[in-house]
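K.L.:
Sequence:
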Amino acid sequence: MSQKRALISVFNKEEVVEFAKNLENLGWEIVSTGGTSRFLKRAGIKVTPIEKITGRSEILDGRVKTIAYQIAAGLLFDRKKPKHRAEIKKSNIKPIDMVVCSLYPFEKTVSGKHSLEEAVEMIDIGGVTLLRAAAKNYEYVTVVTDPKYYPLILRELEKVGEVSLETKKRLASKVFWKVADYDAAIDVYLAKRFCQEEIIKLNFCEGKKLRYGENPHLAGWFYKTQDPADPLAISDFKFLQGKEVSFNNTLDISAAIDLICEIGQEKPSCAILKHGSPCGAATKDSIHQAYHSAWYEGDPLAAFGGIVIVNRLVDEKLARKMLFDRGQKKFFEVLLAPKVEVAALNFFGERKNLIILENPTLEKPKIRKAFDFKFVRGGILKGDFDSKVISEKDLKIVSKQRPTKKQIEDLLFAFKIVKASRSNAVAIAKNQTLISSGVGQQDRKEACKLAVFKSADPSRGKSQQTAIGAVAASDGFFPFADGPEILIKAGIKAIIQPGGSLRDQETINLCNRHKVALVFTGVRAFKH
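For the sequence shown, position 32 matches number 32 in full-length UniProt numbering, and the numbering has no gaps at all.
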């Protein structure tokens, strides 16, 4: 058997020394270029310089190292074709059986401060050529673009002496994704730099077919993004039990994560969502209190069949309260938590369809900084994700009545709730607990009426006194004073809204007459 040969040329030298040493110990010849060659030699690895294969030294400040007839032929020749074998032998070409290559970090370079010349120098030519050639001839050449594949390759080599065809195919597929993504980044950058043209290249992978789409007669899929910077990506949650996550579950899970990142950065918090909007939420001194308030002081009718998210450990005591309390069985579809105790998980096991997802980052969640995309007829909308958190310093007190410290806490909490709700949205809150909300209404007055109705609805465990002394939030300004008047009649003592209406003074005058505190955020929080 002829000696196997690996060509290693990497910008990312993470773990490459150990990998190369293992290949060497397995009898492989290591061929390498420039900086990689020097790096491996310093580690004590015997390296055949690329010049010995090509017969030429690298030139043009390293721009040309591997772009050579001998390298391309060594990668591309079809071992099963007699003609190819004869031509390779006649030309004294050395076959290459593996390519280990990482590309110049173009995206990282252009994401920071840089010059055009620096960006252009990071456009990899030789690396892309190596990867494409190796991937095209996947039947005979193993191609490696990421250190995470090193252990898999070594296991197969140690076990059977070669990399399986199945693995080669998978690695080749990853190459063409990598190269396409790399070229797309260059395209986006140069189109903007040279042509003043904005281009979006969306890249999703590992598509998974769901049971169905938004409705049972529709098909649905879930695709992962390639953003490793988001530890709360849905695909990074550990699936502990339950039925398959559905299309609508996924939408609510994403909304729940975004909300807990708003209300749960410091204290124990719980939120319950249904159809994309919160119907229960609370921040308390313990997660048991937070869950109890979110479920019973919010909207327990809407909570049925919803999504529950907490930012603290779920123990057996909490698990029992979640499933059976006050002599009644409770039903929700999904639980998201940073950790679920074994005893709690065993108890949840009685509900085999209950989906439980775990991610330790939920204990200290961070608001994502990203873009939102929405497909429309004939195009796509791109907008900043609203990562702004309104704080006390952002508030403008426009009423004579100043809010108390406790009211400010509740106002900020309530504004986070309407920010997470479908517009038009009005929420009523007390003691950092969502009492009720009117969401998805075409007019703001109706949103106020709905929030007040729910706050006094006996079927939701409420009475006419529930809203007395509470605060209210609106995701948009009040165009008239009729909405705030409804809230004030229900007993609301402080209101938060963006402000900006031509009739703001009417609302201010109303609040002053009733000694109600009114604060403006100066920031609208629509959600569609």
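No lab work stands behind these hints, which were simulated from the structure alone.
Be aware that a few hints might be false.
[Claimed, not checked] Distance condition first, Cα-Cα at most 27 Å in a straight line; then the derived DSSO-like pairs of lysine-lysine:
1. K174 - K148
2. K238 - K80
3. K52 - K90
4. K224 - K339
5. K52 - K89
6. K4 - K83
7. K405 - K224
8. K41 - K21
9. K374 - K388
10. K364 - K238
11. K80 - K169
12. K46 - K89
[To be verified] So the derived label-pair ranges between C-beta atoms look like this:
13. P151 - F239: 21 to 27 Å
14. W221 - K13: 32 to 38 Å
15. K396 - K13: 38 to 44 Å
16. K83 - G383: 56 to 62 Å
17. K396 - F239: 29 to 35 Å
18. L313 - L26: 41 to 47 Å
19. L313 - I125: 47 to 53 Å
20. E118 - E244: 22 to 28 Å
Here the structure is a predicted model, which means the values were calculated and not measured.
From the three backbone atoms N, C-alpha and C, an ideal C-beta is built for every residue, glycine too.
K.L.:
Compare the structure with each hint and give your call.
P.N.:
Each hint tested on the structure:
no. : hint                    : verdict
1   : K174 - K148             : 12 Å, holds
2   : K238 - K80              : 45 Å, violated
3   : K52 - K90               : 18 Å, holds
4   : K224 - K339             : 23 Å, holds
5   : K52 - K89               : 17 Å, holds
6   : K4 - K83                : 21 Å, holds
7   : K405 - K224             : 43 Å, violated
8   : K41 - K21               : 11 Å, holds
9   : K374 - K388             : 20 Å, holds
10  : K364 - K238             : 17 Å, holds
11  : K80 - K169              : 18 Å, holds
12  : K46 - K89               : 25 Å, holds
13  : P151 - F239: 21 to 27 Å : 23 Å, holds
14  : W221 - K13: 32 to 38 Å  : 37 Å, holds
15  : K396 - K13: 38 to 44 Å  : 54 Å, violated
16  : K83 - G383: 56 to 62 Å  : 57 Å, holds
17  : K396 - F239: 29 to 35 Å : 45 Å, violated
18  : L313 - L26: 41 to 47 Å  : 46 Å, holds
19  : L313 - I125: 47 to 53 Å : 52 Å, holds
20  : E118 - E244: 22 to 28 Å : 47 Å, violated
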